[in-house]
Amino acid sequence: MISIKKSFIVLFMTLIFSLVLVWFVGEMNIPGQAAEEVNAYSIWPENWARPMFEEFEKATGIHVNFIRFSSGEALARVIAEKSNPQVDVLFGGPVETHSAGIAEGVFEVYKPVTYNELESRFKDADGYWVGIADDPLVFMSNAGFLKEKNLNPPASWDDLLDPAYKDMIQMADARTSGTAVTRIFTILQVFDRDEAKAFEYMKKLRANVQVYTKSGGGGTIPVGLGQAGAGIFFIVDALKTQQEGYDVVVSFPKEGIGTSVEAIALLKGAKNPELGKKLIDWASSPAMQNLFAEYQINFIPAHPDVEIEPSLAAVIEGANIFPIDSDWAGENRKRIVDEWIEKVLP
Amino acid sequence: MEAIGIHLNNIHKTFLHRVKGEVKAVDNVNLDVEHAKLVTLLGPSGCGKTTTLRMVAGFEQPDKGTIFLGEENVTNLLANKRKIGFVFQNYALFPHLSIYENVAYGLKVQKIPPQEEKQRVNEILAMVGLTGYEAQFPHQVSGGEQQRVALARAIVIRPKVLLLDEPLSNLDAKLRVHTRSEIRRLQQSLNMTSIYVTHDQEEAMAISDLIAIMNKGKIIQVGTAEELYFQPNSEFVAKFIGKINTLPAEVQEVDNGFVIVKIFNQAYKISRSSDGIKPQQKLNVFIRPEFVQLSVKAEEKELKGIITERVFLGEKVEFTVDIYGCTLSITSYNAVECAKYLLNQEVGVCLPEKELKIFKEKGD
Amino acid sequence: MPAFLNIFKKKVSINLPKDPAILLSIIVIWFFLLLFVLFPLSKIFILTFEKSGHFTLTNVLEILGKRNHLQAFWNSLLLATLVGLSGTVLGFFFAFTSVRSNLSKAWSKFIDGTIILPLISPPFTTAIAMIFSFGRRGLITYNLLGINTFNVYGLHSVLFAETITFFPIAYLTLKGVLSGIDPTVEDMAFSLGSSRGRVFKTITLPLAIPGLANSFLLLFAASLADFATPLILAGSRFPLLPTEAFLQITGLFDIRGGAVLSFILLVPAFSVFVLQRYWVSRKYYVTITGKAGAQTQIKSITSRTGKVFLTVCILISILILYFYVLLFYASIVKAFGANYQITLKHYIVVFTEGLKAIKDTLFIATIGMLLGGVYGVVVGYLVSKKTFISRSAMEIVSMINYSLPGTIVGIAYLVAFNNPPIMITGTAIIIIACYVFRYGATGIRTTVAILQQIDPSIEEASFSLGANAITTFKRITIPLILPGLFSGLGVVFIRSMTAISATIFLISINWTLITVRILDKMTELELGVAAAFSTLVVVIVFIVIIFINLFLRLFRGPGAIDMSNILGG
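Residue numbers (the working numbering), protein chains in the order written: chain A, 1 to 346; chain B, 1 to 364; chain C, 1 to 569.
So that you can see chain A by itself, here it is in the shape it has in the complex (with noise of 0.2 Å):
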């Protein structure tokens, strides 16, 4: 059985093989060698966090390791990781996460070195999470859409009710986004916590949704491309939208439209405190949020000190925004979203 052939075939084979075992092992991280690290789950999503964690590293020389996962995994990730805690820090996300992480006792308390400057509306009294940025929600929409239609850009929350948006809006599923959960909260605002109002509303609502999208901004492109009409969601990926050139409005309702804090914290038993730390310093400081411009990513910068930038303060211009009560919505939480699945979702 052995023939020439066979045998050539045989060695190119093992040689290959070794030629990818051996680039394997190269590639591998030696310990000792890399630089420092720290490990995140980020909430934003990587088009964002990617270049905020470079300029970290840039100015610490800390490496940042990170997945992105949306609020509700993150959250679950986290609480399954209770006894042993993959990442160090939790980065951004809407602050009912926090809240709700803090009940189930997965964060530990740090209060960063600009903790004192900061507003009482973004940080934790307790000192679990700080906020890094504040993100409005908005209605934003197709403009050829709306020409079709012959509608102006919804200006109330009852604009959206009208069947010319039958199966044309896309939003957040509650389930997994933190998108939803606060639109959620801010309808539950809206209507004075009449819970038995706001539920009403948001079924009628549900009969012109085309389909809950898995994460906040999934809703975003079909929007733009006009697969859908419009939609809820955060500023942040409405001028996203807009900035990559679809053709989107962005409104406001005049009943008022909640903001939600994006914030951060330290885990309980994180493997790197200490570089935690170290982030979450820099991330609710000046130093990352005067970035925020420069980048294009379009939160409302935390800290008092950074300006915010002059189109993004245009586009808000007037709108009538309130803060979510987030302790209030972190202890609800799940309470107001198993309603949601078992009254608005079918």
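Rather than coming from a laboratory, the hints here were simulated on the basis of the structure.
Worth double-checking, as some hints may not be accurate.
[What the hints assert, rightly or not] Pairs of lysine-lysine residues, derived as BS3-like cross-links and limited to a Cα-Cα distance of at most 30 Å, are as follows: (1) A:268 <-> C:51; (2) C:356 <-> A:277; (3) A:58 <-> C:356; (4) C:345 <-> A:58; (5) C:474 <-> B:83; (6) C:356 <-> A:82; (7) C:43 <-> A:82; (8) A:203 <-> A:334; (9) B:160 <-> C:385; (10) B:118 <-> B:160; (11) A:58 <-> C:359; (12) C:386 <-> B:20; (13) B:216 <-> C:386; (14) B:160 <-> C:474; (15) C:43 <-> A:271; (16) A:204 <-> C:66; (17) C:66 <-> A:203; (18) B:37 <-> B:218; (19) C:66 <-> A:334; (20) B:81 <-> C:386; (21) C:201 <-> C:307; (22) A:343 <-> C:51; (23) C:474 <-> B:108; (24) B:64 <-> B:83; (25) A:278 <-> C:356; (26) C:385 <-> B:64; (27) C:66 <-> A:166; (28) C:43 <-> A:334; (29) A:147 <-> C:334; (30) C:386 <-> B:108; (31) C:386 <-> B:83; (32) C:385 <-> B:20.
Given the coordinates of chain A, assemble chains B and C onto it according to the supplied hints.
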């Protein structure tokens, strides 16, 4: 080569049958095979002969009893340590190895140096007449050739004993006859103690030093071909080896050294021990076809019959005679005599007393 | 061994193998099976049925009490049944055409090649392609047909996508069955005066029934377990169990709820497993004789009908091919639906940002493949050749992780290995273990199938010549089952490259997978990058398949068994 005998002592083996429940496949088998002898286990399907052979090989474990190869008790020894050569019914050649490699396999396992290996393989291939076939693969050669490869492979390792499991059953008749002589020749020239399993009685008689007839897990009788043919110890053996006629009889008188029976309307005196046979007892009497004699006219002491069939086979003629409703087979090798007897003829049938047999045991 | 002895079973007693190597292997295998199959599953059981220390059904009732979940359960059964039916019919149609209508070799290869694509692709490919084609701004609905109101989300889309994805399983199964039916049987019916339709109804179809039943069950199980396609296409109005379980855990951080949901999924999945093993496989009337593709003067369909059938098959194959072309196209344009400028931007992202995922996936797939291959061969050998106490149990347990929906396995591993005593979440080990004990089972099945075709006396011959178990295994068994080994390796590698439903729960900061990145990118609506990743996986998998085929052809020694089907479900 040292003198190796095979000794089976009180071997028992039970299997669990899906329908029948517990079945005793081998029931208290005792067998001694002398050095350099070939003993055949002969019997019908299901008699336990293959199971017994496989236990000698080590492929099955006996429930009770011991197996000795020479002085060594191998009952609990693994099959691959027993130094046996086994020839399978379906040859079991390794399909991915050439004939040379098949034969050399056992030598390679023993780590025989290449020079010696080559020499021995070539030698054995010559012995079985397969020189030149080294590079062929099993599927490229005929059944008979495959059989010889299997044989060569088993022998080349110089096993203590050679075990053959119906090695010829997949060959056509003519080849079978030719090959069985080859096997016998080889076995004798190498002085290899062997156990051979077959259901073909002619094959067994042709090549064995001793034949052990088995039925339902038991050894019924052991003996040479002649012994089994002329002195079967039971109805089963008598019927299995050669042909035999069965006649209904009634015992008239029993005395020391003989028994008088009445078959139809004739009395016959058979010398044998009384053995618990009682007068008025109904039993069967047996006689081989070649010992029954015909006469043109029924004499005094003869039975009357009619020839219902007459088959001319060259060197012999086979008659079927109907006697009072009973069928008798008669074989005659005397051409002149046979010419006298034709189909539908009334004849006299003579049963020589010394050829009549009564068996105490049925054996089945 | 003479055939009649097969009716005997070994006497039931403590039957331990004498050969120490065998005994050791058995112990080791059991250890791993207990650790990686039974232990995680038991955790699911505990989570489902335990509350504050005692047995209870409240967890289950609570979960089923939610309307959404109950709906998901019925939806899953409904979808699975529909997919089973449509997939089997389509597969039968293809198989019948392929076997009975005298296809030219070129067409045969074309069809075989294209319909294999969905089976070996990363998840979501069909879903992505469908959104691109049938969404509101889809290529087909909007650009081609001008339809504005078609809703691409829902049962119909999932049904379509899953049928297209899974019908190749039915095709492969039924192809084997149909080519096993001796065409002379049908010829004989013709010569007795039956019409073609009658022959089909009274001869071909009845003989194919076990194969049809088997296909239905296979497809039913595949659809039940499918996580990826529904995640994208089902929409919010059509919940399904695997996605619900996933969302329950990842969205609502309710691990217990997720465990209960996946347990509910276990019930139909287990029924399918039992039905298949104990009912369908017993009723196969037709054995594969190895004379596959015996083509007589096929009279079973007229040449005109044959041409029609062929055209339909080709059209469907083209549809599938179109999906992949679309996928590739989407990966090289700037923004599908808006900007059709050609760019390599997405691939650059794949090879920079995505490099870690690529390396991790390849590393895990390779190790998984090697371990899985060995595992498959060893267990297959033990289970089919050696009799020992607990043999049937080992056979069944080794198939468990493979038969269950990936979601269950993933959740089970997450729950089992996240706390002491064994904490391996966050490592590559947990992902590799998941693959080995899930996909290694195909290797077991293939090995068993091959070994069944090898006469046991060949091994006995080796023993009689003095070789011990290990040498026999090395010199005799392995070379004969090498084709099976290779296809087993290939399957594990391919499945590892394309798996998601189990491993989405097992990725971590240290180890991530391409399939998960695809999902991420889809979620973040970077569809171009998602398409680029998908294309990359398809290319890698295709290369591996070509290699395996090459290997098989080269190393298939004379007398070795023909492996015509490397995917085997």
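Open item on the list: Please verify whether residue 474 (chain C) and residue 83 (chain B) have alpha carbons no more than 30 Å apart.
Closed with: Since the Cα atoms of residue 474 (chain C) and residue 83 (chain B) sit roughly 21 Å apart, the hinted pair holds (cutoff 30 Å).
Open item on the list: Holds or violated: residue 386 (chain C) and residue 108 (chain B), Cα atoms, limit 30 Å.
Closed with: holds (25 Å)
TODO: Starting from residue 43 (chain C), check that the Cα of residue 271 (chain A) is at most 30 Å away, please.
DONE: holds (27 Å)
Task: Distance restraint between residue 147 (chain A) and residue 334 (chain C), which requires alpha-carbon spacing of 30 Å or less - done: holds (26 Å)
- [ ] Below or equal to 30 Å on CA atoms is what counts here, so check residue 66 (chain C) against residue 166 (chain A).
- [x] holds (27 Å)
Task: Hinted pair residue 118 (chain B) and residue 160 (chain B), Cα distance within 30 Å - done: Answer holds: residue 118 (chain B) to residue 160 (chain B) is near 21 Å, not above 30 Å.
Task: Hint consistency between residue 385 (chain C) and residue 20 (chain B) [alpha-carbon to alpha-carbon, up to 30 Å] - done: holds (25 Å)
Task: residue 343 (chain A) paired with residue 51 (chain C) [C-alpha distance capped at 30 Å] - done: Within the cut-off at roughly 27 Å; holds.
TODO: Would you mind confirming whether the straight-line C-alpha gap from residue 216 (chain B) to residue 386 (chain C) stays at or under 30 Å?
DONE: holds (28 Å)
Task: Distance restraint between residue 268 (chain A) and residue 51 (chain C), which requires alpha-carbon spacing of 30 Å or less - done: Satisfied, since the Cα-Cα distance of roughly 27 Å is no more than 30 Å.
- [ ] Below or equal to 30 Å on CA atoms is what counts here, so check residue 356 (chain C) against residue 82 (chain A).
- [x] holds (26 Å)
Task: Straight-line alpha-carbon gap residue 204 (chain A) to residue 66 (chain C), limit 30 Å - done: Holds. Residue 204 (chain A) to residue 66 (chain C) sits at ~21 Å (cutoff 30 Å).
The structure fails none of the hints (numbered hints given earlier).
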